[in-house]
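Here are the chains, one letter per residue:
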Amino acid sequence: MVVILTSTVKLRDLIRQIRSARTAAEERSIITKECAAIRDSFREEDNDNRCRNVAKLLYIHMLGYPAHFGQLECLKLIASPRFVDKRIGYLGAMLLLDERQDVHLLVTNSLKNDLSHSTQFVSGLALAACGNICSAEMGRDLAPEIEKLLKSSNAFLRKKAALCAVRIIKKVPDLIEVFIPLTKALINERNHGVLLTSVILIREMCTTNPDCIDHFKKCIFNLLRVLKNLIMAGYSPEHDVAGCSDPFLQVQLLRLLAVLGKCDAEASEQMNDVLAQVATNTETSKNVGNAILYQTVLTIMDIDAESGLRVLAVNILGRFLLNSDKNIRYVALNTLLRTVHIDKAAVQRHRNTIIECLGDVDISIQKRSMELLFALLNTNNVRSVIGELVKFLSVNAPPELKSKLTSTIIISADKYAPSKRWYMDTVLKVLIHGGQYCRDDVVNSITQSISESPEMYAFIVQKLFIAVKEDIGQQPLVQVATWAIGEYGDLLVAGPCDIGEPIEISETEVVDVLEHIITGSLCSSTTKYFTLNALMKLSTRFKTEADRIQKVVGYFTINTNVELQQRSVEYKTIFKRYDTMRTALMERMPVTAQSEKPATTEADNVVEKNEEAAAAVPLPVAQDNQQDSLLNLIGGLVGDQTPPPAPAAAPANNDLLMDLLGLDSGPPVMAAAAPAIPPVTAINKQGILVTFNLSHEGEKLKIVVESRNNTASPIADYLFQAAVPKTIQISLNAASSTTIAPNGTIHQEMFVSNPNKATLKMRLKVSYTSGGVPAPEIQETLASFPVSY
Amino acid sequence: MIEFLMVCNKAGAVRVSRSYTTKPLPEPRGVLHSCLKRNSPQQCCHFVLKDHKVRIVFRQYASLFFILGISEGDNIMAYFAFIHNLVETLNSYFSNVCELDLMHNVDRAHMILDEIVVNGYITESNRSRVLAPIAILDKSIDKV
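Protein chains in written order, with numbering that gives the first Met the number 0: chain A, 0 to 788; chain B, 0 to 143.
For the record, the hints were derived by calculation from the structure and aren't laboratory data. Some hints here could point you the wrong way.
SDA-like cross-link-like pairs, simulated, lysine to any residue; straight-line CA separation at most 20 Å [claimed, not checked]:
#, chain 1, residue 1, chain 2, residue 2
1, B, K138, A, R99
2, B, K22, A, Y64
3, B, K22, A, K571
4, A, K366, B, R37
5, B, K36, A, N558
6, A, K261, B, G72
7, A, K9, B, M102
8, B, K22, A, K261
9, B, K22, A, L62
10, B, K9, A, G63
11, A, K170, B, K36
12, B, K22, A, S134
13, A, K571, A, N558
14, A, K169, B, D73
15, A, K169, B, M102
16, B, K22, A, R99
17, B, K138, A, P80
18, B, K52, A, S363
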């Protein structure tokens, strides 16, 4: 299409040209040509066509192209006497000029002149422009003019002047004093436009400067009168918008009342009647009616309303929930969420409606109903509510909500559970339906709860086994199930339990399932760790399958997963060398202390780490012989010659040791802080005397370990080891020598740092050969240190 | 208060765009995409735009989307009614307004908007009062 390159192209033609461009490049070329033409014409000071050019420029600006070169032209247009020029000029100023532009301030003078113009439309233009773009300096300059216009007799000007004043007050809060005296007259307005803008002005004043609120409280009566007239007035064609009498004014009045009545019982009391009237008289069939009701509810929530009014508000929200329009439901749910913390009883009545909203298609509504139901939970309704939530989870919960849903259900079920049986049923259902979205700490809290209810062991483990047999896709379910099977496997095959349906499960079946889990590729590595531990535990609980289990465990000694390989090697060693101890090692875990609840505490972390890293080694540390076997085990592994990945083994061993020691949390020991720290005798056995000399070095505790040989024969290959609880760090320097002559001593330095100020305990181990013969190892625990550290 | 008003068609072409704050306008395509996602009759017509933290209320009329960005704490339902009021006003001025009318008369659309909204606050809801100054302007000049 041929483009005519004169500057007198009309706006319509330009639009037509741009629309006929078939590609973006074509459109761009048309626009650049037109911009060039416009620029030329600006330079030539073409007065007649200036407004047309600026109009075109504005259109181009709206399409997204740069148009800053037109700013000065807008100014020139504003200064011209023709109304058309001014119109386009002000439009351009409002679109192109904002406070960030340098040219902005130049408008001030023209604005000033136009504000006092005789024609109301010109003043109106100037007011609109001022209201949209004025800055702080401009505001200060123009405030007197605005003030004059607020007092003018022309309603058209007054209403725009009021909004101008709003902007000025926002920019220059000090000027409030100029406008306050005028508001009194404005409230008694008849013209709704002016009334509307004055209400907005007053509200703005109250928000900017809370001291004004007291001043305006005197007007509450007038405002209420206006509101009352609006609702009682019936149909008035002048103010009717979709069946309601000036809804925007009503909404703004209600908002203002909310601001005025906040935290003021007396003012709120005045409003009670009118608010109740608004609530009952407004028609709810139309959107505007609902808008007014919604604002009423918000106002009631904000002020110190009497309880009857609050109940009315909640009932309105309940009615909203039954409405078929999704927007209204959403708005109602949102507001209910805010009020439920203040007034639960009132919201409880609408519980059933909220449950229905769960079934909605829109995810934002579902999310809010879910949160609301969680807030409404208490011991009375927990069964029905959680039942509904579980149904929601299994049927149509969207994936984004599932993780929060599952975790909250389990935590709430734990808090409010009416019976253990119900809790287990619920947990099982949640795991089956929402399994893969559960958070990790949920698994721990579930195992914790299971271990706390011994009478349910058989029932639970059977249910879990059946669930897992069908489907091993959901990791948390499989993890909990394998843990339970490992712990309580003997109950699983023992035959029917007294609760639930009787079923027969054989040991082979169980091992089949576990083997399937661990050798398949469907499960995550964490699940496989759980399963390996479970298999080990079953090797003692099941009579007939021990060999098969040993074989399966042995598969993983050459696995690429380091953790799996390491455990497999350790277990294989248990089978080979320490078979006699296997039963003792694999005993059931005792119930851990009640304080370790799902909220992640340090103890819980320890429990969790223990389950994963050292579940093979049981917790009871009360018996010394078990301890010995433990340390022997570890000592044996340290010196083991089999080829597991050596760097992984050593730190993992320390972890194991640390974990065990971390759990040995006896009552906290308060050591007395002695100014001079006496030496501590650590070990005095078999002729070896080990003393600690303690001193503080900066943040750390320095211990000089002095080992004395009180026997008659020389000692060689002397090795001193120490371990501390998990949160404490220890570093051991090399000993001065590994051989000690009779009555000789060697020294070693040890540094302990305790950033978390945990109780300092130490487990020590000494091994040596005496006279060429390896002597029995010495182990000792130091639980008290004469140092408060 | 209203932070911005955007009217665009389904393809993302902006027909009228107006901002009442100094914050940059969000990308029309992005907003439109979110609006289209929720446009089935079963879904809510308002949501919060993630990056800009502004609440969007929108309504669709034939091929045009009227998109409003409002600030926190405002009454969503009232702005819904406002959009409808605005459309009715445009309708009575252009008589059976359609997208082409808005495209060819952007300046008029802006002027009508200026009579209804000043600095983000609704000023006048009465249709005849809004259109009176525009009628006078039309009488005194020929169209630009």
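Which numbered conditions among the earlier hints are violated in the structure presented, ordered from lowest to highest? 1, 3, 5, 8, 11, 15
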